[in-house]
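K.L.:
Given chain X, put chain G in place with the hints provided.
For reference, the chains in residue letters:
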Amino acid sequence: MLRFVVRRLLLLVPVLFGLSLLLFAWLRALPGDPARALLGDRATPQGIERLNAQYGFDQPLPVQYVRYMGQLLQGNFGNSPRTGQPVLATFVERFPATVELSVAALLFAVVVGIPLGYFAAKRAGGVLDLVAVGSSLAGVVIPVFVLAYLLKVVFAIGLPGLDWLAVLPPSGRQDVRINATHITNFYVLDGLMTREWDAAWDAVRHLILPALALGSIPLAAITRMTRASVLEVLGEDYVRTARAKGLARGLITRRHVLKNAMLPVITMIGLLTGQLLSGAVLTESVFAFNGIGSYLFDAIATLDYAVLQGFILFIALIYALVNLVVDIVYGLFDPRMRVR
Amino acid sequence: MSTVVGGAAASGSVGGGPLLSVRDLSVVFGRRGQPGFTAVHHVSFDVAGGEVVGIVGESGSGKSVTSMAVMGLLPARGVRISGEARYRGRDLLTMPDRERARYRGAELAMVFQDPMTSLNPVVTVGTQVTEVLHAHERLSRADARDQAVDLLRRCGIPDPARRLGEYPHQLSGGMRQRALIATALACKPKLLICDEPTTALDVTIQAQVLELLVELVRDLGTAMVMITHDLGVVAGLCDQVNVMYAGRIVERAGCHELFARPRHRYTEGLLASIPRLDGDRSLPLTPIPGTPRDVVAWDRACAFAPRCRFVTDACVRGDLALAPLGPGHDVRCVHPAGGAAPGAVTATIQEAP
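Protein sequence lines, in the order shown, are assigned to chains X and G. Under my numbering, think of the first position of the first sequence as 93, with each following residue one higher. Under my numbering, think of the first position of the second sequence as 1344, with each following residue one higher.
Hints listed in this document are in silico derivations from the structure and should not be mistaken for laboratory results. Among the hints, a few may not be true.
[Unchecked claim] Coverage of chain X stretches by chain G, computed from C-beta distances (three or more under 8 Å per stretch; other residues unrestricted): (1) 228-234; (2) 342-352; (3) 406-419.
[Said to hold, decoys possible] What the simulated footprint calls covered on chain G by chain X, stretch by stretch (three residues with Cβ under 8 Å from a Cβ of chain X suffice, anywhere in the stretch; the number is not a length): (4) 1385-1399; (5) 1475-1484.
Beta carbons are placed, not taken as given, at the ideal position from N, Cα and C, and that holds for glycine.
In isolation and in its complexed conformation, chain X is listed as follows:
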């Protein structure tokens, strides 16, 4: 087990290294010039030249790459020409918001999706099944930003006659009046750690609507995957064997149906985690949730190499780690997949 984890972590080194090279080449192959993008239409040639020199964009690409990697190995992601700030500092400040939001969205999708998928499968063709399949279809086809605005209007801003529904904050991560202490920048966690319960609760309230909006597509995916998987497992011979033993229903469900049916769902949750982290941009902008999303959006618009490289490498690292966790969890469920 330990050997497996170490081997996988070591394997990450060449993967990330290769990715950094690819990324470096790819970003520079994109049309456009960062200095021009940043300084705008009225930039003078001198200004562009100065900026290029300042950030080393005038050097040959191999030199730039080696210099970048040298910095990276010292834990320096470089400075953003746009903000002048170190990229890492911005990440530390903003990434926790995105992670918090993604985790909340995933939690919502898992807690609702798995039972919904299970009961839909148990009564396949029934009313609940139709509702589950229908709503999961709706979850996929309604664009996230539409759903996000809808949620915001109904539950935060308030519709005439329905304004009693508007009980949640419309935007932000925490009410500024609370003046909470922040240690990790995970606001809910900070609130719990400092025992500022009202701060934690307020952060949770701010999370609900964005998490519902962001979690809708994962919810649909998990519901459908669970439903299909449970349907398949219910028809397996070993479930019949379990019933022939006269076991209690709950035990059959837990030990014989769910334990097998969860395998593909776990894989899917792993894939969704990566998607959520990099896909929260729209939701974040609707709810003015100060995560990595909006920062990244601006970085793309201005070809902010340092930010983009750092972010994508970081996401890749998290993706790899999440999948490592998935593989380990998979082994807990399925002995045939157990890692050695």
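P.N.:
Leaving out everything else, chain G in the frame of chain X:
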């Protein structure tokens, strides 16, 4: 010992009656209000305590569906079950599933066809053996484990204590079937239904597993229903044999009687198609022509008629009853083999309305 009685005469009594009494069991697949497909039609048979009853037929004859219906393992929707299956006088078919679950595994147990898929791949063998004990008996974990070790050993699994911690994929097919047999017999059931228990195994293993089953069943005094398409399995094993074709029992007799004097043309055909060591090897085997799909509806004719060499107009004239043709020997045939005058049987044909 034969406890088979004709038609409606039997009503399972608690005292001296049969252990399991199946009466007019019909299973129809299809949604309510639609005609559906009749997989099992008015099947009746008895199993006495300690008796071994065979149900023989080819794929699709309804033998597995019969056993699944008795055990209550058919899906609740899309299936209509009628008739009764009295276990010690209590009808299993009308009892709520929660109550039936108390019988399943404890008094009525089942061994299935495919040991590769009948064990849960992600749960240890030990848990799968002990969970049936925990479900029906109050036992400590240690006691259950000890019993499981003992059961596996009796079922011929070497090093049983180690096997308990292993997963099904670490066991061979034969070992898995032994583990499933151990599980089925864990609570010392009164009746064991075996649905083609050896079909998925290698031929050499088949004999071993059958031998094991017989030995265990004799030791425990458990009655057994052996469902198989293999007359060879039935021959040395069963007291009573029911031959099924297209959802109905077409012949029923004591084992010896059936092999010595098969009366139904289908049974006769089955026996003729078995290769024999003592037979003339220059002669080709005699197959039954056609496939089980070549059937006609029983209510208009003998379903076997399209494949029968002795078919006449009389065979396709109406519903055919299972009629006694000698002591303890019932046949559903217009022209039974073995020389008896067909006239005696034609009386049982009712004109189709």
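K.L.:
For every hint, state whether the structure bears it out.
P.N.:
Quick rundown of the hints versus the structure:
{"no.": "1", "hint": "228-234", "in the structure": "violated (count 0)"}
{"no.": "2", "hint": "342-352", "in the structure": "holds (count 5)"}
{"no.": "3", "hint": "406-419", "in the structure": "violated (count 0)"}
{"no.": "4", "hint": "1385-1399", "in the structure": "violated (count 0)"}
{"no.": "5", "hint": "1475-1484", "in the structure": "holds (count 3)"}
Hints 1, 3, 4 from the earlier list are contradicted by this structure; the remaining hints agree with it.
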